[in-house]
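These protein sequence lines map, in sequence, to chains A and B.
For what it's worth, our numbering labels the leading residue of the first sequence as 1, then goes sequentially.
For what it's worth, our numbering labels the leading residue of the second sequence as 1001, then goes sequentially.
Some hints here could point you the wrong way.
Which bits of chain B does chain A cover? Going by a derived footprint, with three or more residues having C-beta under 8 Å, they are [claimed, not checked]:
| # | segment |
| --- | --- |
| 1 | 1007 to 1015 |
| 2 | 1085 to 1092 |
| 3 | 1204 to 1217 |
| 4 | 1250 to 1262 |
Label-pair restraints from in silico Cβ distances [what the hints assert, rightly or not]:
| # | chain 1 | residue 1 | chain 2 | residue 2 | range |
| --- | --- | --- | --- | --- | --- |
| 5 | B | R1019 | A | L48 | 44 to 54 Å |
| 6 | A | K187 | B | H1113 | 41 to 51 Å |
| 7 | A | Q128 | B | M1215 | 22 to 32 Å |
| 8 | B | E1183 | A | K187 | 30 to 40 Å |
Read the hints as simulated data drawn from the structure, not as lab findings.
Where is the CB? At the ideal position from N, CA and C, for every residue including glycine.
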Amino acid sequence: MDLFTGGHSGCRGCGAAIAMRQAMQALGPRTIMVIPASCMATIGGSGLKTAWNIPFYHSLFACAPAVASGVRAALEIRGIEGVKVVSWAGDAGTADIGFQALSGAAERNEDIIHVCYDNETYMNTGGQAGGTTPLSAWTPDTPAGKPTKPKDMPALMAAHRPEYLATASIAYPRDFIEKLKRAAEVKGFCYLHVLAPCHRGWGIREEETVEMARLAVECGLWILYEERQGRQRLTVVPEKRLPVREYILRQQRFRECREEDIEALQAEVDQRWQRMAAGAGGEELG
Amino acid sequence: MRELLNGNEAAAEAARLARIEVLASYPITPAAPVMERLTGFIAQGTLKARFIRVESDHSALAAAAGAALAGGRTLVVTNSQGIAYMSEVLYHVSGLRLPVVMAVVNRALAAPHSRFPDHGDAVAQEACGWIQLFCENNQEVLDTVIQAYRLAEDDRVRLPVMVNYESYIQSHTREVVEVPEEEIIDGFLPLNRRAALDVDNPRAINVVTGPDLYMDYKYRQDAALRGAAKVLAEVSGEYGRLTGRNWGGPVEGYRLQEAGHVLVTMGSLVSTCREAVDQLRAAGEPAGLLKIRAFRPFPVEEVREYLKGVKTVTVLDKNIVYGSGGALAREVRAALYGEPEAPPVFSYIAGLGGRDVTSADVCKIFGLTQEKRRAGAKPPAFEWYGLE
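Same shape as in the complex, but just chain B (with noise of 0.2 Å):
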C-alpha cells in the first residue's frame, strides 16, 4: 500500500511490519514520534509488544540489551545526547552480540545546542562495534528497518544495527511510501531467537574476561562486522526480489558509467546529489555518485573497485571530527591509498547543524574540485563549504 509517510512515520510501519516485541525508548527531538505511533499501535492491539517507558537514554538500551539477552525482538529510537548519552551501552550490546535495532534520527550534538541535521551522532560512535547504515528517504528508512532484523538476527553477524536518517529533512518530512504486505515480510523476516539468559539453560554472560580471552572475543565481533556487508548484499537482494525495491549492499553507484569525477556522501545528501549529478551530466560533466550506504562496516573493497580509474573524487561529509576533518573523506582516502593511480580525493565538511545543501551547492563544490584539478592543486586535507 502507498502511504505519505514522514521518515519516522516509516521508522514505526517497519518496527511493526518487523513485529518488535520490547520497545524502550526515552523521548527526543525529533525522533520521539516514533515511539509515539508504536505505543498508539500496541494500544489498538496491531502490535504485541511490551513498550518499557524508561527514565533515561541510557537506561533505553539498557533495557533493550535485557530483553535481547531474554530473546525478544528489540527497538530503541535516539539520536545526538540521547546516543551519546548511551555510549557505554553500545559498546556492550555489540560486545554481547545482541540483534538490537536503533534507529538513529541523526541530529547535531551540543555545544551549541542544535535539534537540526548532522551525521556528528552517528560518526561519534564509529568505533562502537554497531553496524551502521545510512538512509537517503523515508522509502530506504522503512526498507532498511526492516532489512535491519534479518541482518543483526543472521547467525553469521549477530551484531545490533543502526538505521539513520535525518532530523526533520527526512524525519518530519513527508513522501510517498510503498508500505508491504504484512505476509510478505513474516515470510522474509522469521524471527531467529537465541535467549541468552534462560532459566532452563544457566549460563554467565561477561564475567571477568583476561588477557587469554579478551583479544579472541575482539576478534571474532570484527569479523563478523566485516563479513556483514557480503550478508547486507544478499538480505538487500532478497528484499528486492520480494518487494521490487534493492537499495544495493554497502555502497551503490549512481552514473558511474564513464564518469571521471565523483561525488561520494551518505544520507539525504545522497538524493541531493542524485539531483546533482543529472544536471552535471546534463551540463556535460562527467559527474558520477558513489552513495555509501554503510558507514561501518566500512565497504573498503567495494569503494576501491567503484572508484578505480576515476580521476577526482570529492567527498561531502555532514560531520566534522574536530582536529581532524570528515569522517567519511578519511576512510575513503585509507580506502584508496596504495592502490594503483588512486584519483585524489577532495573532502567538503557541509550542511553542518541543519545548513541546507541544495544541488545547486553540491554543483558549486564539484565546481571547486574541478578547479583545482586544473590548477594541479593538490587536495587540502579538507575544507568548510557554506560558511556564513
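Bound conformation, chain A alone (with noise of 0.2 Å):
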C-alpha cells in the first residue's frame, strides 16, 4: 500500500511529492509526520479527503521538531516503541523560521529524524527568496537577482554533531532511501536534506524535476554524502562532473546570473568538491 498516495493536490511533476513517496518506501507505516507549514502540509489533504495512510500533522511553521520532540516523548512514556517520528519541512520550515526549533530538538538530541525537502524558494506563498536560495536567482522578491549566497543548511547540522546526517536528492532514490533507512535505525537525532527541485520556482519544464535534480549532483553543485561522528563519506560520486553552467543555463530562475556569477560559482563548487573527496573517503561509516 503506498502510504503517501496518488490523487493528492501537489502539482504534475511536483519535486516535494516525489520526495515524500520515496521517502515513505524506507520509513514504513509506523511513522508518524509532522509538516509545517509548506506546500508538503497542504497537497496531501483538503477538507475531509487526504492522501496519506499514516497519521499525519499539519502543524504550525515555526516549531515542527519541537511538535516531534513532544510526539516521541509521550510515546516513550506510553511504552510505545517500535515508531519513527518525523518532522518534514521545506527550506523555510527549516533553515528559516523553523531554525530556532530545528536547533534545539538537534542539541537535545531528540530520538526523531528531520527531513528538509529544499526547492531553495519560498514556494507555498508564490516563489519568494529564502535563506537557501542561491546567490543571483530571481524570485518575486529579488527581481535583480538574489543578492547574497544561500545557508549551507548540512554543515549548520552537522555543528549540532547529529547522530546521522545525509544529504540527498530525488534524482538518486536507492541513495536517498538508503539513508533514510539507516536514519531510522540510529536512536537520536538525524539530519536528512534533500534537494527537491520545483519545476514552477526554477522555471524548468513540469518533467524536467528530477533531471535537474540529477545535474545538481552531475556538476557538484549538489554533493550527496552522509556522515556520523564527525565522519564524511560521499555516497554518490559523478563519474565526470558538468560544468555548473549546464545546469545554471537550464533555470529560467538563473536569467539574471552573470557571466562573472557562473565563473565565481564554478571556483567555489571546484574547491568545495577537492576538499570533500580530499577529506571524505568512500569507505562504509560504521
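From these two lone chains plus the hints, build me the complex, please.
Structure follows, in C-alpha cells:
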C-alpha cells in the first residue's frame, strides 16, 4: 500500500511529492509525520480527503521539530516502541522560520528524524527568496537576482553533531532510501537534506524536475554524502563532473545570472569538491 | 497533609498528583520554580514523566501539543512574554481540542519591562479558545490545577485550560496548603486518553479546511467552551465532596445576601476584597463580592443571576485593554446590558505591574463608587486608581 498515495494535490512533476513517495518506501507504516506550513503540508489533504495512510499533523510553521519531540516523549512514556517520528519541512521551515526549534531538537538529541525537502525558494507562498535560495536567483522579491549566498544547512546541522546526517536528491532514490533506513535505525537526532526541485520556482518544464535534480549532483553543486560521528563519506561520485554552466543555463530563475557569477560559482564548486573528496573517502561508515 | 507552599510549589504538587506524563517548559521569571520542582520529582522517581528542555516558549507549547496529540497528559508553565510568544500555538491547541493544562503565573507585559503581577498577559489571550481560570490563593492553585485535567479531558469539553495565579503575590508567598492523598486524586482523575496521532489508526490532522467546514468546527469549539462552565461546577462539586473544598463553578459569591453594592474581581484581589467586604460590613455598608473564577468561558448567566437587584457594581481590573478599559468590567457590562433595572457598573483599573492594592484601597474605591451614586453621576467608561 502506498503510504502517501496518488490523488494528492501537488503539481504534475512536483519534486516535494516525489521526495515523500520515495521516503515512505524507507519509513514504512509505523511512522508519525509532522509537517509545518509548506506545499507538502497542504498537498496531502483537504477538507475530509487525504492522501496520507499514516498519522500526519500539519503543524505551525516555526515548530515541527518541537512537536515531533513532544510526540516522541508521549510515545516513550506510554511505552509505545518501533515508531519513527519525523518532522519534514521545506527550506523555510528548516533553515529560516523553523531553525530555532530545529536547533533545539538537535541539541537535545531528540529521537526524531528531520528531513528538509529543499526547493530553494518559498514556493507555497509564490516563490519568494529564502535562506537556501542560490546567489543571483530570480524570485518575486529579488527581481535583480538574489544578492547574497545561501546558507549551508547541512554544515549548520553538522555543527550540532547529530547522530546521523545526510544529503540526498530525488534523482537518486536508492541513495535517499538507504540513508533514511539508516536514520530510522539510529537512536537520537538525525538530519536529512534532500534536494527536491520545484519546476515552477526554477523555471523548468515539469518533466525536467528529476533531470535538474540529477544535474545538480553531476555538476558538483549538490554533493551527496553522509556523516556519522564526525566522519564524512561521499555516497555518489559523478563519473565526470559537468560544468555548472549546464545547470544554470537550463533554469529560468538564473536569467539575471551574469557570466562572472557563473565563473565564481564554478570556482567555488571546484574548491568545495576537492575539499570534500580529499576529506571523505569512500569507505562505509560504522 | 498540610504544608507550607508558595503558588509555584502548589502548582507543582498538583501536577505530581495529576501524574502528568510530559512536561514541556522554557524558564521564565517567576514561573520557573514550577518546572524545577517537577524535574526534581522526575529525578527522584516520584513522578514518571518526560521533561522536554525546549529552547523557547513557542516550542514548549508546540511540544505539549505534540505530546497531547500522541495521547500524553501534559503541563506547560509560563507567563507574560512567554504566553505572548506562544500566542499562535494557543489557537492551534484549542482548535485541535487538546486537553493541555498550563499554569500561567500572571506577570505584566513589557514595555516597559516588568516582572511584577497583573492580568494583562492572560487577558491579551481572551479570544484564544482556552478555558481561563483564576485563583485567589495557593490552596486554590493546587485544587484548580488538579480539576483542570478533569475538565480538559472531559469528553464534553476536550479543551485546554489555563490556571492563572499572580507572580510573587502568589508564586512566591507561602501559605498553608492541604495536599490531598494520592489515592484520592487517582480516584478523582482517571486518565481519559485520546491519541489523535496513532500508527494503528492513522488520521490526517489539521488539513486544509475550506469554507464548507471551517465555521462548523469553530461553532463546535465555542459550544464546548461555553458548556465548560457547567462541567466546571460539576467537577468542583465532586472535588469538594472528596476534599471538603469546593471553590464553586465559574463564579462564587461572598456575603451577597442583602448586598446592595457588589465588588467584582478575579485573582488575588478576590482575597483582598473578602477582607474589604468584612470591613465594610462591620462599618454598616451592605457590601458583597462576586468572584470571577472563570474569565473564559465568561459566565454571563451566573453574573446576571448573582447581580439581580443590586444597586451598584464596582469592578476591579488588574489589566488594561488599551483604548477600551478593563476587560472584566467590559464583560460584566455586556452581561448586564438589557437586564431589567440593571445596576450601574463602575470600572477601576488598579494594581498594574505589581502596584499594591490593599483592603483599605478596596474600601476607598468602594467609597468612590458610593459618592458617585449619591451624586447621581453616570459611571465613566473606566477610571485609573492609585496613580502616583
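These are the hints, each one checked on the structure:
{"no.": "1", "hint": "1007 to 1015", "result": "violated (count 0)"}
{"no.": "2", "hint": "1085 to 1092", "result": "holds (count 3)"}
{"no.": "3", "hint": "1204 to 1217", "result": "holds (count 9)"}
{"no.": "4", "hint": "1250 to 1262", "result": "violated (count 0)"}
{"no.": "5", "hint": "R1019(B) - L48(A): 44 to 54 Å", "result": "violated, 36 Å"}
{"no.": "6", "hint": "K187(A) - H1113(B): 41 to 51 Å", "result": "holds, 42 Å"}
{"no.": "7", "hint": "Q128(A) - M1215(B): 22 to 32 Å", "result": "holds, 30 Å"}
{"no.": "8", "hint": "E1183(B) - K187(A): 30 to 40 Å", "result": "holds, 37 Å"}
In summary, the structure is inconsistent with hints 1, 4 and 5 from the numbered list given earlier, while agreeing with the others.
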